[in-house]
Amino acid sequence: MLSLRNVWIEYGEKVVLERISLDIAEGAFVSIIGPSGAGKSSLLRLILGQEAPSRGEILLDGQPLAPECGPDRGVVFQRYSVFPHMTVLANTMFGLECAEAPFTARLFGARRRAARARAEAMLEAVGLGDSLDLYPAQMSGGMQQRLAIAQALIKQPRLLLLDEPFGALDPGIRADMHTLITGLWREFGLTIIMVTHDIKEAFSLGTRVLTLDKRRHDPHAPHRYGAGVIYDLALKKGAPIEQAEEREVVPLAGGITIDTKDNT
Amino acid sequence: MRWVNLTISRSTGLLLGALPLGALGLAYLLAAASRHAANPADKILPLPGAMAEAMGALLFDVDPLSGQILFWADLLASLQRLGLGLGIATFSTLLVGLVLGALPPVRATFGPLVTAIAVIPPIALLPILFIVFGLGETAKVALIVIGIAPYMIRDVAGHITALPREQIAKALTLGASSWQIVLRIALPQALPRLFEALRLSLGPAWVFLIAAEAIAADVGLGYRIFLVRRYLAMDVILPYVAVIALLAMLMDLLLTRASRRLFGWAHLASR
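Chains as they are written, first to last, in numbering that gives the first Met the number 0: chain D, 0 to 263; chain L, 0 to 270.
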């Protein structure tokens with residue numbers, strides 16, 4: 000569904016990502032891990048359209064992706080994903096209002112009731128059914144992330160991008176959120192790309208785990224080489240992680256060198 | 000208990016706040032009494048009775064020259080100028096600040112212009128305003144607008160620019176257009192900041208009003224103060240200054256209350 004063809008991100012001399020070639024299948028749950036500064040978030044911003052690649056191309060359903068965020072890709076960031084001046088219900092309805100009322104961005108009458116019903120159903124699905132009139136500032140971090148997910152899903156995006164969505168949550172809430180996102184992924188048949196710092200989370204949620212890191216490192220010019228995909232593991236859901244080490248490598252144009260010795 | 004940990008109850012707070020004000024009043028009375036003991040005709044520190052008498056004439060008697068009751072005419076003229084100035088400044092801030100903050104091309108084009116206007120001391124422009132607009136009301140209102148609008152515009156635009164990129168990206172992924180983002184994301188979050196900017200601009204606005212009235216006017220609180228200065232009429236100047244202070248405090252209070260009432264979400268964190 001989503002293909003990256005030999006994609007690079009360079010800022011002047013500094014190479015962040017190099018030779019990224021990926022094909023992401025419909026219905027996949029892709030986790031991206033890697034050390035800090037390996038370009039995980041850059042890759043996500045690229046797919047989101049906040050940034051354009053300096054080389055290469057990105058195709059969504061065979062069409063080149065415009066370097067601008069659009070409603071075909073939903074996103075949940077670690078923070079600031081919800082609008083502080085809107086209630087839970089208004090936050091969720093905003094996406095529907097934008098599509099149906101281009102000029103006022105507000106709905107009235109029967110259309111408003113229809114949008115409200117859809118928003119309520121979605122909030123029910125993420126467990127916020129009884130917090131409709133709260134403002135984000137009155138909610139915990141976990142509830143805010145639930146809201147951010149509901150807000151994104153109501154647009155039925157082709158692709159849901161998660162940028163360390165559970166990074167700021169405490170372990171108990173995080174486990175709840177894992178159950179929630181897995182349930183929603185199955186129920187709505189979503190395609191999800193998630194960046195995370197938590198390796199356990201990456202393996203327990205994902206059907207495919209990508210590891211980004213630098214293949215080469217020049218100590219005199221640390222920015223000379225960018226990060227690439229050094230591991231690409233396809234997991235069978237439910238299989239123990241040890242067995243998943245036998246990777247089903249998707250053949251990639253750039254070719255992956257697995258170098259377990261010199262990766263730092 | 001250490002001082003940083005002390006919580007002050009509302010009634011104690013009122014009492015504590017009244018103490019310095021009361022002390023100031025008492026100090027004035029003592030100083031005035033001692034001056035009057037030395038010279039009963041002293042005009043520099045008038046006693047409350049003299050102030051009441053002077054103000055009584057301005058409050059209730061019709062001035063034979065202008066046919067008006069002077070204090071009320073002054074108050075009305077000043078409030079009208081101030082209200083017009085604040086209103087125009089607020090409206091233009093909302094319009095300009097919003098597009099300046101939300102739309103990068105507009106910011107690149109007009110940002111430097113707003114900055115250039117903001118760094119000019121407004122009083123230096125007063126002669127130009129008098130030349131262009133004449134000595135009437137327009138120049139005075141224009142001085143207030145030019146004096147406070149650039150600061151307010153920069154403040155509100157800066158606030159909008161500083162909205163997290165994530166919020167804008169999120170709105171875009173929800174299918175919002177530039178117009179919808181300005182209307183539903185930028186505008187509602189700009190409003191509480193606008194109220195705050197307006198509240199902080201009240202002081203400068205009064206300064207520009209009094210300055211404009213002092214230089215060229217025939218009615219107004221500032222005009223009266225500078226007129227009676229010639230006769231050393233502290234018994235009029237002091238009550239007028241007190242009226243201005245009270246009005247400024249009242250406006251400040253109203254704006255704070257209105258902001259809390261209208262934009263409850265913006266005050267949730269500080270509660």
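Treat each hint with caution, since some may be false.
[As the list claims (entries may be wrong)] Some but not every residue of chain L turned toward chain D, in silico, with C-beta under 10 angstroms: (1) Trp-2; (2) Gly-24; (3) Pro-63; (4) Gln-67.
[As the list claims (entries may be wrong)] Over the 10 angstroms line for every Cβ pair with chain L, so calculated as not near, a few chain D residues: (5) Pro-83; (6) Thr-103; (7) His-219; (8) Ala-233.
Hints are computed from structural coordinates only; laboratory data are not their basis.
Even glycine gets a Cβ: it sits at the ideal position worked out from N, Cα and C.
L:Gln-67 as chain D interface residue, shortest Cβ-Cβ below 10 angstroms: violated (47 angstroms)
Verdict on D:His-219 as a residue remote from chain L, using beta-carbon distances over 10 angstroms: holds (33 angstroms)
Status of D:Ala-233, Cβ more than 10 angstroms from any chain L Cβ: holds (27 angstroms)
Satisfaction of the L:Trp-2 interface hint, Cβ to chain D closer than 10 angstroms: Nearest chain D Cβ about 30 angstroms off; hint violated.
Status of the L:Pro-63 interface restraint (C-beta, 10 angstroms, chain D): Nearest chain D Cβ about 57 angstroms off; hint violated.
10 angstroms Cβ clearance of D:Pro-83 from chain L: Non-interface label fails for D:Pro-83: nearest chain L Cβ at 6 angstroms, not farther than 10 angstroms.
Cut-off 10 angstroms, beta-carbon criterion: hint that L:Gly-24 touches chain D: Violated. Min distance 42 angstroms.
Chain L versus D:Thr-103 - minimum CB to CB distance exceeding 10 angstroms, so not interface: Its Cβ does come within 10 angstroms of chain L, the nearest being 8 angstroms, so this is violated.
The structure does not agree with the numbered hints 1, 2, 3, 4, 5 and 6 stated previously, though it agrees with the rest.
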